[in-house]
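Residue numbers (our numbering), protein chains in the order written: chain A, -12 to 277; chain B, 5 to 291.
Mixed in with the good hints there might be a few duds.
Unchecked claim - Covered, in the sense of this in silico footprint (three residues per stretch, anywhere, with C-beta under 8 angstroms from a C-beta of chain A), are these stretches of chain B: (1) 26 to 36; (2) 74 to 80; (3) 85 to 91; (4) 97 to 106; (5) 254 to 263.
What the hints assert, rightly or not - For lysine to aspartate or glutamate, the following EDC-like pairs were computed, each having C-alpha atoms within a straight-line distance of at most 20 angstroms: (6) A:235 x A:275; (7) B:24 x A:184; (8) A:104 x B:38; (9) A:178 x B:38; (10) B:24 x A:211; (11) A:273 x A:211; (12) A:178 x B:33; (13) A:178 x B:264; (14) B:24 x B:86; (15) A:234 x A:244; (16) A:9 x B:86; (17) A:234 x A:246; (18) A:9 x A:30; (19) B:24 x A:187; (20) A:9 x A:38; (21) A:178 x B:40.
Unchecked claim - Label pairs and their calculated CB-CB ranges: (22) A:12 x B:134: 37 to 47 angstroms; (23) B:257 x A:62: 26 to 36 angstroms; (24) A:142 x B:190: 17 to 27 angstroms; (25) A:93 x B:152: 53 to 63 angstroms.
Since the hints were derived computationally from the structure, they do not count as laboratory data.
We treat Cβ as the ideally placed atom computed from N, Cα and C, and that holds for glycine.
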Amino acid sequence: MPAQLPDTKPFQATLVEASGRKLMHIVVPEGVPLSIEIPMFGERMAAFAIDVIICLCLLLTVAVAVELVAPALFRDVVLFAAFLIRNAYFISTEICLGGATPGKRLLRLGVINRAGKALEIGSILTRNIMREVECFVPVNMLLVGDWIFDGWQVLPVFIWIGFFAAFPLLNSQVLRAGDLVAGTLVIAVPKTELPSELTERSHGHVFSAAQLRAYGESELHILESVLRQPPGTDTQLRQMIAQRIQKKTGWQGQVSDIDAFLQDFYTAQRAQLEHRRQLGRPRRSKHDAV
Amino acid sequence: MTLATLGSRPPSQPELATLKSREFRRAREASWHELEQMLACRSGLKRRPLNAAELIRLPTLYRAALSSLSIARSIALDRSLEGYLENLCTRAFLLVYAPNSWHSRAVVPRLFVPPAVLRRLLPYLLLAAAVFLTGGICGYAMLIAEPGVANALQKITAIDLSASAAVNLFVYSLPMALLCVGLGLFAGVPTVILLLWHGLLLGAASAYVRFVPAAVPDPGSVLQVGVLVAGQLLCGAAGLRLGAALMFPGKHSRAVSITDASGEIAWLVGSAILLMFAGALLAGSIS
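Please work from the sequences and hints to get the whole structure.
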């Protein structure tokens, strides 16, 4: 199959969209806009599931202890303990770990203020209280309140749980009802490494100013994304790109090492385009005026 | 220069072109590494608190990263570097602006409400109390006029009064109270309905005592009911506050108005929960 050129979207946006997340902009208090990633619904559910499992394990230890020590008080103590454990866990881990519970940290999620300000303690408390209303109280009613409901009267509780569980799907920022009320936003914070500098070495290929006027910034970004792939992948694609460059710029001469040729062309082209940017005449693509 | 390149046009740039972005990166890279190290020691299993020197250094590094990002956006054409700096700045923003301990001075003042906030919340508390009282009077009058209603009410609510007070409180009252708050999102109408309903039940119950003198409740139940009413009123006020934020946002958008109200709501509901918790413990120990 012939090699295909990658699309012209910027590198970061390509990565982010490949992972299925959306980008959003907030302005930090220092005045710099940051683009942040909104996590997917499944990621938030998974983080919540991990936290619930941890709470259940803690509750299990308490239940076992109570069963051994004072079995008569089992029901009362376990109910109280469930309430205490889940609230203490969520609130204290969110305060101590910078707004993220261990489940969120495992999935590389964080919590920020939606307006870009500092995350307040009041917001954390409000989020957690609303979580009680959304999830834990109705679940408690289902599990324990079997003497309140019978038959179809359970239906409103299911609707209650279902509505709040589906709430993040109804808005574009995957906000829970608790996030909406508290003014917070959950973001995805993957860890990226410092990329290597592609223009460090020269392999001896030299290009004239006229040759460097063939392409613009978007073509440069495509070339960068190809060069950043591990060496040895997609040699067919690199060869095709090298041939196109040679044809378009009118490069005379043999190319023994394709990677070296592409790197030198990238270096020269980037220098030229950055210089143009500095002078206030950026060239976005090859279709723009020279 | 190799033999292969001799046939090309005469070169117009030196061997290795000087790129401003490369110089900029060389100059700033050390501070990014330092910031990465600081971020690394605050994450993972080997978390440790930052020492005094690091704390002094952090704001400088954070602002340096932000300025690097701004510069990279304007002069550099290395897209993956820009993406890396965005990510670094986001992680540094989380480190600088997120709360990180119970000992921070921000936590304790939140637990105590300044008088101005209480004055703002008073109208909602009074409104909740008025609605509850209306329900109570209605329930009382209803039972006096038509004693047969008592059986119907008991069938509807079906509260198992033989269960221990604590369980009762937590399993029945707390959900109702929190429901008051959460449903305040629907403009406070369900909150008002719930307050009326509970007032009605309480009024009917107090009228019932008049007919059946043997049904005078013991201190534990009285305390339980008192705590329940107080918690209901606090949560009802919270629900009304939420509904008011939704219905009367003033010059802000509704989302901002709700967010502004969230601090007051959190205090009301937190105190209601603590009150119910303490009341349940007391009621359980008395009866």
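Verification of the hints:
no.	hint	verdict
1	26 to 36	holds (count 4)
2	74 to 80	holds (count 4)
3	85 to 91	holds (count 6)
4	97 to 106	holds (count 9)
5	254 to 263	holds (count 4)
6	A:235 x A:275	holds (15 angstroms)
7	B:24 x A:184	holds (13 angstroms)
8	A:104 x B:38	violated (24 angstroms)
9	A:178 x B:38	holds (16 angstroms)
10	B:24 x A:211	holds (17 angstroms)
11	A:273 x A:211	holds (16 angstroms)
12	A:178 x B:33	holds (17 angstroms)
13	A:178 x B:264	violated (33 angstroms)
14	B:24 x B:86	holds (15 angstroms)
15	A:234 x A:244	holds (17 angstroms)
16	A:9 x B:86	holds (18 angstroms)
17	A:234 x A:246	holds (17 angstroms)
18	A:9 x A:30	holds (13 angstroms)
19	B:24 x A:187	holds (13 angstroms)
20	A:9 x A:38	violated (24 angstroms)
21	A:178 x B:40	holds (10 angstroms)
22	A:12 x B:134: 37 to 47 angstroms	holds (46 angstroms)
23	B:257 x A:62: 26 to 36 angstroms	violated (46 angstroms)
24	A:142 x B:190: 17 to 27 angstroms	holds (19 angstroms)
25	A:93 x B:152: 53 to 63 angstroms	holds (59 angstroms)
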